[in-house]
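Chains A and B, in that order, are what the protein sequence lines are. Throughout the first sequence, residue numbering follows numbering that gives the first Met the number 0, covering 0 to 536 in sequence. Throughout the second sequence, residue numbering follows numbering that gives the first Met the number 0, covering 0 to 343 in sequence.
FYI, nobody ran anything at the bench for these hints, they're computed from the structure. For each residue, glycine too, the CB sits at the ideal point set by N, CA and C. Warning: the hint list may mix true and false statements.
Quick list of the computed label-pair ranges, beta carbon to beta carbon [stated by the list, open to error]:
| # | chain 1 | residue 1 | chain 2 | residue 2 | range |
| --- | --- | --- | --- | --- | --- |
| 1 | B | ASN159 | A | PRO425 | 43 to 49 Å |
| 2 | B | ARG339 | A | GLY39 | 41 to 47 Å |
| 3 | B | ARG107 | A | ASP265 | 55 to 61 Å |
Straight line, CA to CA, 25 Å or less: simulated DSS-like cross-link-like pairs of lysine-lysine [what the hints assert, rightly or not]:
| # | chain 1 | residue 1 | chain 2 | residue 2 |
| --- | --- | --- | --- | --- |
| 4 | B | LYS253 | A | LYS354 |
| 5 | B | LYS173 | B | LYS122 |
| 6 | B | LYS175 | A | LYS214 |
| 7 | A | LYS214 | B | LYS173 |
| 8 | A | LYS224 | A | LYS173 |
| 9 | A | LYS363 | B | LYS326 |
| 10 | B | LYS245 | B | LYS175 |
| 11 | B | LYS326 | A | LYS284 |
| 12 | A | LYS363 | B | LYS245 |
| 13 | B | LYS175 | A | LYS363 |
| 14 | B | LYS245 | A | LYS354 |
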Amino acid sequence: MTPRKLFAVALVVALAAPLRTLWGSDAGRIQFENRQENSGISFVLDNGTLPDKPMIDGIPGGVALLDYDNDGYLDIFFTNGATLPGLAKEGDKFSNRLYHNNHDGTFTDVTDRAGLRGEGYSVGAAAADYDNDGRTDLYITGFDRNFLYHNNGDGTFADVTVKAGVTGVSSAGKKLWGISAAWLDYDNDGKLDLFVANYLDWSFATSRVCGSPGKRLSCSPTFYKGEPNILYHNNGNGTFTDVSEITGISRNIGKGMGVAIADYNDDGWMDIFVANDNDRNFLFKNRGGKAFDEVGVESFVAYTDSGLPVSSMGVDFRDWNNDGKPSLIVTALGGEVYPLFRNEGNGFFSYESYKAGIGFRSLKMSGWGAGIQDFDNDGYKDLFTANSHVSENADLDGQQHYRQANAVFRNMHDGTFQDVSGDAGPGMQIRAAHRGCAFGDLNNDGKIDVVVSAIGSPAELLYNTSTGGNHWILIKTVGVKSNRDGIGTRIKVITASGLVQYNHVTTTLRQLEVTRVRMIHGSTLDWARIRLSEKST
Amino acid sequence: MRTAFTSLLLAVCAAWPALAEPCTGAEAQLAQVAKALTVNALDIAENMLRTLIASYPDCPEIVLHQARLAQAKGNIGEATELYYRYTDKDPDDSRGLAYFGRFFLEQRDYMRADALSSAAADKNPDDPAALALRGQILLMKGQSPEGQNLLEKAIKLEPNDPEAQFQLGTIYDKAKAAAQAVEHFRKAATLNPLDVRAWDYLALNLELVGDLDGTEQAYQKGLQVNQAGRYHDAFLDYNYGRFLAKRNDLTRSKRHLDRAVESAPRLRAVWYERAKLDMRMQNYQQARADAEKAAACTQTGGVIDLQIYSLLSQVYARLGDTALAQKYTDLTRETPPPVRGEQR
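This is chain B alone, in the form it adopts within the complex (with noise of 0.2 Å):
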């Protein structure tokens, strides 16, 4: 009896999928709405979980994406909520770690980002997730090595995530390999196109290896996507108002680096920047403004005290100022140029 019972049972099981798994039967549209949060394509994924929640109401993946979807739409509270939920449900999946770790990550919560970045890689040394999110906080951690290894084995096992192409294309940017990262931003920001600091670095790395209508191309894409919200660039504008200004257009250099004031009011970089196409356009005047500012700003952007005073070196000798002109001129001198990398 006992036996015919068990017998009974299995039978039912297979006749039945989600009687023994909540979610089988789901798994190609589970699929489906992981690649449409991946590639920020937040409609899709909403509703095709929409359907799937009334199918299998105790699916615990729709959680784990329900809790994503409301991470790309900013309601941090309820992604909160979300992931606990799902991390409760299956402490052990390393990919649920793994998202709710990049979720702190985010929120620049970087210690709980961390934790859950190494138990997530420590639970499944396979997941790619895992193993993205694990390599990039590496890499923040000034472990560049294991970071990149980590990465380059994340994208080798699923090359379609673009945070982790993304990320592994920072690290031949800073390398100055430029070759390398123009792959790597380029795959990003294919798999991702709202993705703007893909299209941003990807002109960067195109301008340094001479493509310089591929960089023009990369920029045009990137402003047609760089809008308030997640994936905003406030460098944009910034970098290409830069670039237009090596190519001589002065004018539309000048739009952008307006623009990039406006965004980045803080940033010394872009009150430089624009104070230095000031003086090409012979606005001696804005650019002593623009250059003043930008001396009073506490975020550098990377722009050295040293630049600043030989700026405003250039900009009072303009104006006639020899007083201030020759303060700055004995600045320049006095400071010595930054220590640059070991070797060349």
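Just chain A, same shape as in the assembly (with noise of 0.2 Å):
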């Protein structure tokens, strides 16, 4: 099958607020407040937490964003913990979370009547029109549980995971710790397939203690073998086919925590990238939907410029400078630096965590879910990160802090990116044991809002005030023959000023994120234009 280069219009459009000449002429600060107190959501991430702090212990968190009841209103769903090492979802605080969005600002828990409260040790989550019938199902990763939960368009879900086969568990029958989960259709036949990225082999008969009594600390991954991730195929009828063998994916065994999606190289496929914790990262590049090759250390993305790896944990994957190229933000732990991956265009990515000004920013910063975004609608995408330390006494040692504060860093427009958090308001200053984050506009007023999950504490509801009246257009892709979701299409607009900006639809869970489908772009739209791979409409 071979990718045509097919551009149409998009099928919704929706311009809003005043039109200006120029791009970033009134570019406002960066802002967001904290609107969880009354919200009437009141999740808490429970991590279930032992006194030997078991590594398991650091990394749930997932976020979603997804319009389940096609209200046009974006919901809010949470995973979360359960008991060690018993697993069990026992009682409230260890259920899963789906709120409603009233649209008036509140939330209402829909949970129970979703029948979304889940079982086992859940982490990630991942959502997606999967069989096109034009409601967002959910994918749900785990230590000892991934779960597929149909959507059933009455407000409920259906518990599909074993008749679809998707349940995480590799072709030698062990359950593989799933971390993160992307859907993208990698052979371009109009149905959402799905990637998994597993973890480490890791299990309570395993499990090493580390730090001393009084005083554990999350032990190093180096001490544990990696896990292959796995591809499912839709087969559209409901079912999907292992084929992590046959594409090549599970040849490559890695420390996943964070997948990414885009079409790095421009010719049609959908290309994957895992941020692999210590070990080197993987860019699986797409070989015509048939198979990958994984070209991490090729295109140089494999090893921070040290060629060393870092604790790589969430991942985004867009165009950060409008030249239409996917670049890559990565986070990773305090002493180390969060990379930023810039794509060349030639296949190679050049490491510019220092060149772009973010270098000794992170430095002090231990981050997860992460994301590309454009807060300020002027036209540029800055970068957002959900930052806490692994471990919960990272503080005792006095070098490293387990409660952050997450981080917004600018798009100065010339490559580079400016620190902003502490003039970003209240709702940025809030240190916390921050884990997942999702973007998405839960106000419908045209900004870029963030949802953060944090142990121990309220998640976060960060609604997006940024000043600045830049208008914005949003896109909402819709498939016809290409998947419902429209996922995988990559969309360039051109404003008046000449300013091009790229971006692409996604719902890739990257480090326990979900970004939702829907693109803002500050000035005025001269054209847009949508391109979608062969057979897509």
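Take the two lone chains and join them into the complex the hints point to.
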């Protein structure tokens, strides 16, 4: 199947706010306001931690934004932990949660009605309409159980995991520790396939205890073997086939945390990046929808410029400098630096953390979820990271901090970013054990909001209250021959000023997070075009 | 008669202290000499010693300081002879043993340094010089908690010992406790501004705590005093060059990495770092030359094979040499990343 470069108009295009002639002319400060307190959302992520701090307890906290009832407003789903070592969701405190958006800033907990309390130790979530029925479904990764919930269209979901064949069990019969998942149509057949990033060969039986009594710390993943990732091909009849082996995916053993999807080489086939914890990252280059070549080393994204791995966790894969080439941000632990890999467009990426100005700033941060989003609608995408150290007792040595404030880096339009977290409002100063984050416009005001989960603290609803009057466009892609969500669609927007912006549609769960299929850009719209893959309309 | 004579002798001794103790009356000046030697103010120490010798020719402590002066000036034979002379005269003086032990340490005679440091600490467990040296030796022997304990005790007794401050700083540096390391390296550098190592380590740790202006200043101060001799630091240009590269000052970074390559040409790390800079500056031919040099070095300076393979794969890919790029790509894939600390 040879991809053609097809262009089509967006099926739904909405314009809002007065037109302005110059991009960025009224770009204001990036501001966030945490409105959790009056939102009706009381979710507190519970990792079920034990005194010995087994490494499972640092990992949970996926967040997904999805409009499960198609009312035009994003709803919120949180994954949750379980008892340890029992892995049971005993009582309400370990339940996964679905909150319905009431359109007025409040939410209603509809978990029980939806049938989404879950089982076992849940980690990540990825939302997409896998069966093209117009309703968003939900995939949950976990340590002991993965789940595929089919959206019944009446506010309820059905567990179809076993029937669909997406249990997260390897071909060798072992349930792998699923962390992240991403929906993508890797073979451009119009049906969404599923990629699951798996972490370590760890169990309570093999669990080490690290640190000293009273100061237990999370053990390094270097003590454990990695796991293969899984790629499920969508058969189009409600079932999936594990194609990990025939596509070459499972030949590469890593320690997967985050996964992000983009067509990095502009060949019309979606590629996959996996952030591996203390191991080399993977870049799976899609070979015509039939197989993948792992080219992380060749593309210079396997390691940082020091030739060594970092504790890669969250990741996003988007064009931040408006050159049409998706680039990468990866979060890591304190003492390391968040790697920023710029896509050169020639198959190579260059490591630009310091060049872009986030090197020194991120040195003291530990990050989980990450996003490349335009928060101030100035036409250039900014960076957001959900921060916290992995070890609850990290503060005991005085150098690291378990509870950290999130960070936002403003795009300065010249390839550099400025850390504006300190001026981004009280919502950005909350020190907590942040984990997953998800991006979307919760109140349909044209600004990207952020929802962040935190261990032991209420989830944060960071409404974007950035000043500035640049207008925006929201494009909702609806595939007819392609997957109905239009995942993989590449959108190019040219404004009257000549500013060109690119984005692509994903529901990638990037280390516990989901990006919603909305695009917001600053400035006046001159024209927009949407490129779909072959057979897509 | 006998009683009368004894009384007379005591009276004379009281009136002329030098008769009773050969150093009596010189204590304050000797302390100043010791301080001058500690902070490497050799001219001051030498002048004072010259005066003291004339007035107190039999004061053994003068011999000890002469030994330290000779050591600081690099007169190894003279220093050795003087240290032996002093310890023969006063074998129970823990300070003498400690300074002699530090002399052996500088000469990389670790066994004698170990023995003397142990003896010094045994003689006087409250002598800060003895405790500082013993602490340092224990650190080198891998007995970190004990070493740290002795160094902390030494600093409590004598907070103005720059070497003890420096050694304690290295403990925090290794533990990645940058804030505490900064505290001790700053004291060490302030007490002995000629100690380039202290400025270098101070700069490295200031960078980790995010004080970039302080980092720059520390490097500048280190560069001002980085001369051949006792405190020469071959890594200063290397570290500063790396810092400048992170600050995107590539031209100045190049200048310092060039100097680093000149001063430590057998060290893999300096060639490696310059090759990385060459890559950033898109000077791929030079990057190849430097990276290959790095690969050939046996003194790694902490740069492991995986890093070299990864760099060479990039260099040859940029140069379009697909065969060599593939070779080093394969080696990069086959080489496992290092096992890091047990916890995080």
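Now the hints, each set against the structure:
For the pair B:ASN159 and A:PRO425, the supplied restraint of 43 to 49 Å holds, since their beta-carbon distance comes to about 45 Å. Distance hint check: the CB atoms of B:ARG339 and A:GLY39 are about 43 Å apart, consistent with the given range 41 to 47 Å. Between B:ARG107 and A:ASP265 the CB atoms are about 59 Å apart, so this pair conforms to the stated range of 55 to 61 Å. Among the hinted pairs, B:LYS253 with A:LYS354 is consistent with the structure: their alpha-carbon atoms are about 16 Å apart, no more than 25 Å.
Among the hinted pairs, B:LYS173 with B:LYS122 is inconsistent with the structure: their alpha-carbon atoms are about 30 Å apart, more than 25 Å. With a CA separation close to 17 Å, the supplied pair B:LYS175 and A:LYS214 stays within the 25 Å bound. As the CA atoms of A:LYS214 and B:LYS173 are separated by approximately 19 Å, the hinted pair is consistent with the 25 Å bound. As the CA atoms of A:LYS224 and A:LYS173 are separated by approximately 14 Å, the hinted pair is consistent with the 25 Å bound.
Straight-line distance between C-alpha atoms of A:LYS363 and B:LYS326 comes to about 36 Å, which puts the hinted pair past the 25 Å bound. Note on B:LYS245 and B:LYS175: the hinted pairing holds, with a Cα-Cα distance of about 20 Å set against a maximum of 25 Å. At roughly 20 Å between alpha-carbon atoms, B:LYS326 and A:LYS284 fall within 25 Å of each other, so this suggested pair holds. Between A:LYS363 and B:LYS245, the direct Cα distance comes to roughly 15 Å. Compliance with the 25 Å bound is thereby established for this hinted pair.
Of the pairs offered as hints, the one joining B:LYS175 and A:LYS363 holds, with about 12 Å between alpha carbons and a cut-off of 25 Å not exceeded. The suggested pairing of B:LYS245 with A:LYS354 holds, with an alpha-carbon distance near 7 Å, which does not exceed 25 Å.
In this structure, the earlier hints numbered 5 and 9 are contradicted, and the remaining ones agree with it.
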